[in-house]
Amino acid sequence: MARLPLLLLLALGLAAAAKSPYQQVLQHSRLRGRQHGPNVCAVQKLIGTNRKYFTNCKQWYQRKICGKSTVISYECCPGYEKVPGEKGCPAALPLSNIYETLGVVGSATTQLYSDRSNLRPEIEGPGSFTIFAPSNEAWASLSAETLDSLVSNVNIELLNALRYHMVDKRVLTDDLKHGTTLNSMYQNLPIQIHHYPNGIVTVNCARLLKADHHATNGVVHVIDKVIATTTNTIQQIVETEDNLETLRAAVAASDLNSLLESEGQYTLLAPTDEAFNKIPRETLNRILGDPEALRDLLNHHILKSAMCAEAIIAGLTMETLEGTTLDVGCSGEELTLNGKPIIANKDILATNGVVHFVNELLIPDSAKTLFELAQESEVSKSTDFFRQAGLSSHLTGSEQVTLLAPVNDVFKDGLPIIDSNMRNLLLNHIVKDQLSSKYLYHGQKLQTLGDRELRVFVYRNNLCIENACIAAHDKRGRFGTLFIMDKMLTPPTGSVMDVLKADHRFSTLVAAIQSAGLTENLNRPGTFTVFAPTNEAFRAMPQGELNKLMGNAKELANILKFHVADEILVSGAVSALVRLKSMQGDKLEVSMKNNVIHINKEPVAESDIMATNGVIYAVNSVLQPQASRPQERGDEPADPALEIFKQASALSKVSQRNPRLAPVYSRLLARMKENAG
Numbered sequence: 011m012a013r014l015p016l017l018l019l020l021a022l023g024l025a026a027a028a029k030s031p032y033q034q035v036l037q038h039s040r041l042r043g044r045q046h047g048p049n050v051c052a053v054q055k056l057i058g059t060n061r062k063y064f065t066n067c068k069q070w071y072q073r074k075i076c077g078k079s080t081v082i083s084y085e086c087c088p089g090y091e092k093v094p095g096e097k098g099c100p101a102a103l104p105l106s107n108i109y110e111t112l113g114v115v116g117s118a119t120t121q122l123y124s125d126r127s128n129l130r131p132e133i134e135g136p137g138s139f140t141i142f143a144p145s146n147e148a149w150a151s152l153s154a155e156t157l158d159s160l161v162s163n164v165n166i167e168l169l170n171a172l173r174y175h176m177v178d179k180r181v182l183t184d185d186l187k188h189g190t191t192l193n194s195m196y197q198n199l200p201i202q203i204h205h206y207p208n209g210i211v212t213v214n215c216a217r218l219l220k221a222d223h224h225a226t227n228g229v230v231h232v233i234d235k236v237i238a239t240t241t242n243t244i245q246q247i248v249e250t251e252d253n254l255e256t257l258r259a260a261v262a263a264s265d266l267n268s269l270l271e272s273e274g275q276y277t278l279l280a281p282t283d284e285a286f287n288k289i290p291r292e293t294l295n296r297i298l299g300d301p302e303a304l305r306d307l308l309n310h311h312i313l314k315s316a317m318c319a320e321a322i323i324a325g326l327t328m329e330t331l332e333g334t335t336l337d338v339g340c341s342g343e344e345l346t347l348n349g350k351p352i353i354a355n356k357d358i359l360a361t362n363g364v365v366h367f368v369n370e371l372l373i374p375d376s377a378k379t380l381f382e383l384a385q386e387s388e389v390s391k392s393t394d395f396f397r398q399a400g401l402s403s404h405l406t407g408s409e410q411v412t413l414l415a416p417v418n419d420v421f422k423d424g425l426p427i428i429d430s431n432m433r434n435l436l437l438n439h440i441v442k443d444q445l446s447s448k449y450l451y452h453g454q455k456l457q458t459l460g461d462r463e464l465r466v467f468v469y470r471n472n473l474c475i476e477n478a479c480i481a482a483h484d485k486r487g488r489f490g491t492l493f494i495m496d497k498m499l500t501p502p503t504g505s506v507m508d509v510l511k512a513d514h515r516f517s518t519l520v521a522a523i524q525s526a527g528l529t530e531n532l533n534r535p536g537t538f539t540v541f542a543p544t545n546e547a548f549r550a551m552p553q554g555e556l557n558k559l560m561g562n563a564k565e566l567a568n569i570l571k572f573h574v575a576d577e578i579l580v581s582g583a584v585s586a587l588v589r590l591k592s593m594q595g596d597k598l599e600v601s602m603k604n605n606v607i608h609i610n611k612e613p614v615a616e617s618d619i620m621a622t623n624g625v626i627y628a629v630n631s632v633l634q635p636q637a638s639r640p641q642e643r644g645d646e647p648a649d650p651a652l653e654i655f656k657q658a659s660a661l662s663k664v665s666q667r668n669p670r671l672a673p674v675y676s677r678l679l680a681r682m683k684e685n686a687g
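Numbered according to the numbering used here, the sequence shown spans residues 11 to 687.
Check the hints yourself; a few may be wrong.
As a list, the in silico DSS-like pairs of lysine-lysine whose alpha-carbon atoms are at most 30 Å apart [what the hints assert, rightly or not]:
| hint | residue 1 | residue 2 |
| --- | --- | --- |
| 1 | K314 | K74 |
| 2 | K603 | K564 |
| 3 | K62 | K314 |
| 4 | K422 | K603 |
| 5 | K179 | K288 |
| 6 | K78 | K29 |
| 7 | K391 | K314 |
| 8 | K455 | K442 |
| 9 | K511 | K611 |
In case anyone wonders, no lab produced these hints; they're calculated from the structure.
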């Protein structure tokens, strides 16, 4: 019996978890309204309109719908009404037939037309029906022409229209599953249901306003539009609309006809002829003439699920058939794509989804050239640089390459002068083959169009190619990939010793390395990080100390090895403290402070001087290793037992008198003597 309450709680928890999104939002509205009495719901109303929404937690705090401010009002939850003199909405609505219920739930016009069309006897009589009843405002918003055609032939047109809003069984909101269809009572034509995660439910893209009003012979749901039958697929809509001529040709050329007429629930963001005409003719011809790019372009305009405009009350990310995402949002009455109000006509319903007309073409990265990718990103100055250097053909053609493009901030003081050396450097920013950064690995070698070899360094917090690190996600185009880099690359020109010899700042260091017999070490292949003291660093040492150091080859070698680590660490990998083991054995501590690299708390004068076997940092001080005695080494593990006996010698007499502790004390004492020796 003790287990019964727990099982009951679990069952109740599962039942609560199974609530539909609409019911969850309604429950939240109830919670927000409970201070005003029983069965009171908090409702958000768009200022200046009659549009109301039950509120979820996020909307409650933001107080916005489609970016527009709302006010909170409190009204009776569906199915309840006020009682004079009492708080809240304590009384359930009288249970009556569907006809009578229409009059008390805000759909008196539907009730009136039911009477005129002779539908009244059916919805007053026995049975089990569901009616999606247009609100009074929905009927009033119909065009005069449409309304006249209905009311002028009430026994056929109006009756058929009303019966299309009906289902011959009781269907509650929990039964209105996303992407399902219900057979209407007019020729069994389907009604499309979409139940979105934000709690919005649509019926043929009309929003459900007030749901689950029970009647003796069924249930009434109030919706915000008069819905119409639909028999066309998305493909048939494309074929019949006058302003989709270019799209028709593109769909036919890419063999997408079968998809757009197949069963499913898609959203087609249909580019109008105006949208295609806005694209430069050269770009458009290139895409239309490239089957793969064209297919990517069209798939980028098809969402994987049907998205009615009424369901969008805030920004959300939708996945396309191409595998990319689009930011779908709204601003007031307008739908937006990627933040732009470019949807010209919305909610054209098809049997397999919905169509929205867009007046701008959405070109995915996969259909763009490298030049187009770069021009639209934070590396636009780089593309100007490459163009001025006469390298545009590599960025606009079908050559498979990867562009390592520095961010615009690198050129904030203007573009460098282009000469033969600079042009060669830019060629070394173009890697042969189309790469993806997620497949790069540490130590990988990349070949450039300038016939140089670049190394890949993978760190915990960064991915770098030579001295430059990737600053943003890849942009993968039709033939090329764009890597956005944090600086210009400086490909290595020789070994560590070659680089040091070529730089006059390190002449003293070069002589010291030669004197200590370390030249061969720093010439061989390897992965060194060298913190190279400049001539200024050696001059800063007391003369006597410098002379003593230079005259002792063993000590000199020891000091120099303390300046070298046997792994490559470029500055982009340093965000906090990084510890490297020097060739001398002690640790080097590399840190970043105020955008300056520090080694053992000493600022570095210049970072990332690349060599074929390592990287060099110029430092204006000679680093000193810690004392090498074992007991002073920070990386030597301490023996807690020895420490206790060292600091508590008073216990020795007690230990010796205790037969059980005496052997332990003797062994520890012997170990202490060994260490002391």
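Hints, verified against the model:
For the proposed pair K314 and K74, the alpha carbon gap of about 27 Å is at most 30 Å, so the pair holds. Under the criterion of a C-alpha separation no larger than 30 Å, the hint pairing K603 with K564 is inconsistent with the structure, at around 34 Å. Pair hint K62 plus K314 holds up; C-alpha atoms about 29 Å apart against a cutoff of 30 Å. This hinted pair checks out: K422 and K603 have alpha carbons roughly 23 Å apart, not beyond 30 Å.
Between K179 and K288, the direct Cα distance comes to roughly 50 Å. Violation of the 30 Å bound is thereby established for this hinted pair. Between K78 and K29 the CA atoms are separated by roughly 29 Å; this keeps the pair inside 30 Å, and the hint holds. Restraint check: the Cα-Cα separation between K391 and K314 comes to about 36 Å, which exceeds 30 Å; the hinted pair is violated. Simply put, K455 and K442 have alpha-carbon atoms about 11 Å apart, close enough for the 30 Å limit, and the pair holds.
A threshold of 30 Å between alpha carbons decides the hint, and for K511 with K611 the separation of about 27 Å falls inside it, so the pair holds.
Of the numbered hints stated above, those contradicted by the structure are hints 2, 5 and 7, listed in ascending order.
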